[in-house]
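Q: The primary structure of each chain is shown beneath.
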Amino acid sequence: MDMLDLGGRKFRSRFILGSGKFSLDMTKRVIERGGVEIATLAVRRANAGGEENILDHIPDGITLLPNTSGARNAEEAVRIALLARELGCGDMVKVEVVRDSRYLLPDNRETIRAVELLSREGFIVLPYMMPDLSAARDMATAGAAAIMPLGAPIGSNKGLLTKDFIKILVDEIDLPIIVDAGIGRPSQACEAMEIGCAAVMANTAIATANDIPLMASAFKTAVEAGRKAYLAGLGRVKDRGEASSPLTGFLEDI
Amino acid sequence: MRVNGAEVNLDRPFTLSEYLKAAGYDCLRVAAELNGAIVPRAKYDVVALDDGDSLEIVGFVGGG
Chain Z
1 MDMLDLGGRK
11 FRSRFILGSG
21 KFSLDMTKRV
31 IERGGVEIAT
41 LAVRRANAGG
51 EENILDHIPD
61 GITLLPNTSG
71 ARNAEEAVRI
81 ALLARELGCG
91 DMVKVEVVRD
101 SRYLLPDNRE
111 TIRAVELLSR
121 EGFIVLPYMM
131 PDLSAARDMA
141 TAGAAAIMPL
151 GAPIGSNKGL
161 LTKDFIKILV
171 DEIDLPIIVD
181 AGIGRPSQAC
191 EAMEIGCAAV
201 MANTAIATAN
211 DIPLMASAFK
221 TAVEAGRKAY
231 LAGLGRVKDR
241 GEASSPLTGF
251 LEDI
Chain Y
255 MRVNGAEVNL
265 DRPFTLSEYL
275 KAAGYDCLRV
285 AAELNGAIVP
295 RAKYDVVALD
305 DGDSLEIVGF
315 VGGG
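These protein sequences, in sequence, are chains Z and Y. Each step along the first sequence adds one to the number in the numbering used here, with nothing skipped, and position 144 is 144. Each step along the second sequence adds one to the number in the numbering used here, with nothing skipped, and position 49 is 303.
Extracted from the complex, chain Y is given alone in its bound form (with noise of 0.2 Å):
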């Protein structure tokens, strides 16, 4: 799977959700991305990853 532009090896299956806390996201901090489509918050326990996924994720910065 891409993350942010680089290649991630998912070791077993996982939920946006999870994989978001398993890799230290704050998931209330964060807005995701998978495959070009943005996935809603209340959505994150459901989406399952695949190693097919591409994945952006973002949040807020300082910027004028």
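Just chain Z, with the same shape it has in the complex (with noise of 0.2 Å):
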């Protein structure tokens, strides 16, 4: 069976859910058309006073990764992940340190730190970065359980912007490499998993479409099918023309 490794862990889902910017009553419907095993959350300041919990829009038996938004180094990335262990929901940590407001890009060498500190804490950490193989490898050296390079800035739904260099990760780097922020259609997905991507995340793309179950149904599918045409084995490409039918054999005289 073909499955995602992520630190021991297994999965069949390769695509992953970012859980932000839709109600959470859509939560549990964009789950399961997504066919979501892994959904992300982020920590924050609790409100009192019987507000409704998204802990409580989560199907049972998925793996919640919580992430450290809001770390602007890696010493506050390591209080959120302790916080979100402490809230009870396992020991994976998708790491962000992000300084820039602007474009919201990662903070690659506090990052770094954040996976040394976080694995030695015992976490399973996936961090998210800006995909450069010097910095992936330092983040495996680290302790990674996988890399998240992103496509294009968080929440643009620019695509894959980065593919090139994401590709370098995944012919370099012996760790599963998540595509994570920048995706905004299952045609960009399909492609991340075509180049032999471990995975793919996405939050926006579903978030902001029409009919947002179907969006995460439509992911689910262009998910799958990349990871299959990768395991098939992409066929080559030439400048000329090849023809597929017998050249030989052909009526005479029409």
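Don't read these hints as lab results, they were simulated from the structure. As the structure is a prediction and not an experimental result, all values here were calculated from the model. Please note that a few of the clues may not be correct.
[Said to hold, decoys possible] Residues from chain Y that face chain Z, not an exhaustive set, calculated with beta carbons under 7 Å:
| id | residue |
| --- | --- |
| 1 | Tyr279 |
| 2 | Arg283 |
| 3 | Ile292 |
| 4 | Phe314 |
| 5 | Gly317 |
[What the hints assert, rightly or not] Listed next, with one range per pair, are the computed distances between beta-carbon atoms:
| id | chain 1 | residue 1 | chain 2 | residue 2 | range |
| --- | --- | --- | --- | --- | --- |
| 6 | Y | Pro294 | Z | Asp25 | 29 to 35 Å |
| 7 | Y | Val262 | Z | Glu51 | 17 to 23 Å |
| 8 | Z | Asp174 | Y | Ala291 | 35 to 41 Å |
| 9 | Y | Val262 | Z | Met1 | 51 to 57 Å |
| 10 | Z | Asp25 | Y | Glu261 | 31 to 37 Å |
| 11 | Z | Leu231 | Y | Glu272 | 54 to 60 Å |
| 12 | Y | Glu272 | Z | Lys10 | 40 to 46 Å |
| 13 | Y | Arg256 | Z | Leu231 | 50 to 56 Å |
From the three backbone atoms N, C-alpha and C, an ideal C-beta is built for every residue, glycine too.
Each chain sits in its own coordinate frame; assemble them with the hints.
A: What follows is the structure, encoded as structure tokens:
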């Protein structure tokens, strides 16, 4: 069976859902239609008094992947990760360290430090990062369980702008490469899977669709198609035409 | 006491667990950090709050 392996934990689904930006009562349907097994969450100050909690909308058996959004350096990321673990949802964490409020691009150097610190604390660490080979190698050495390069700025729906650099990570890093951020369409998710990415994460692409559960279903299909194409091995590309039908046995004189 | 950045007056002695309940938090859905240190849920009943404390109460929300 073809499974996604994250720090020894196995998953059939290769489509990771970001749970932000849509209404809570939509969450369950999106998870189901997307065939999702892993969903990310954020940690924020809690509101007092009977407010609905997203955990009540996530079906049992879904693996929760808290992110460290809001962290501006490694220490803040560790603080958020420890609070997330205390919330009682396991020891996986998506490290996200962002110091830039305009493009929300990750700080690779602080992210590497956060991976080191959190690996030592026993977390399964999935760092969100700018696709850079040296940084990815450092994250692998620091104990990352996967590498999560961005395709384009978070929430932009611009697609796989960093494709060539992500492919370098796929070829050179011996960890699952998961495209996170920027994927705007199922075709882009499929393309990421075709080049050998282990999974795709999406949130905004789905949350900003007209029919949100249907788009989750479209992503599921696209990610599965791309994975199959990768496993099948893509056919070669030629500059000139090559007949697919035999070039002998033509009927004469028609 | 400061709770999530806002000043709160304690009118009587509270344990963390008593305060969370009185303020309407669901103890099973939050994590608490008192003066920078995480309080394990098992200790909510025995940790006493003080006027000079700084308390952060967090929970999960949707996010990518």
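Q: Does each hint fit the structure? Answer for all of them.
A: Hints and how they fare:
no.	hint	in the structure
1	Tyr279	holds (6 Å)
2	Arg283	holds (5 Å)
3	Ile292	holds (5 Å)
4	Phe314	holds (4 Å)
5	Gly317	holds (3 Å)
6	Pro294(Y) / Asp25(Z): 29 to 35 Å	holds (32 Å)
7	Val262(Y) / Glu51(Z): 17 to 23 Å	holds (18 Å)
8	Asp174(Z) / Ala291(Y): 35 to 41 Å	holds (37 Å)
9	Val262(Y) / Met1(Z): 51 to 57 Å	holds (53 Å)
10	Asp25(Z) / Glu261(Y): 31 to 37 Å	holds (35 Å)
11	Leu231(Z) / Glu272(Y): 54 to 60 Å	holds (57 Å)
12	Glu272(Y) / Lys10(Z): 40 to 46 Å	holds (43 Å)
13	Arg256(Y) / Leu231(Z): 50 to 56 Å	holds (55 Å)
Violated hints: none; the structure is consistent with every hint.
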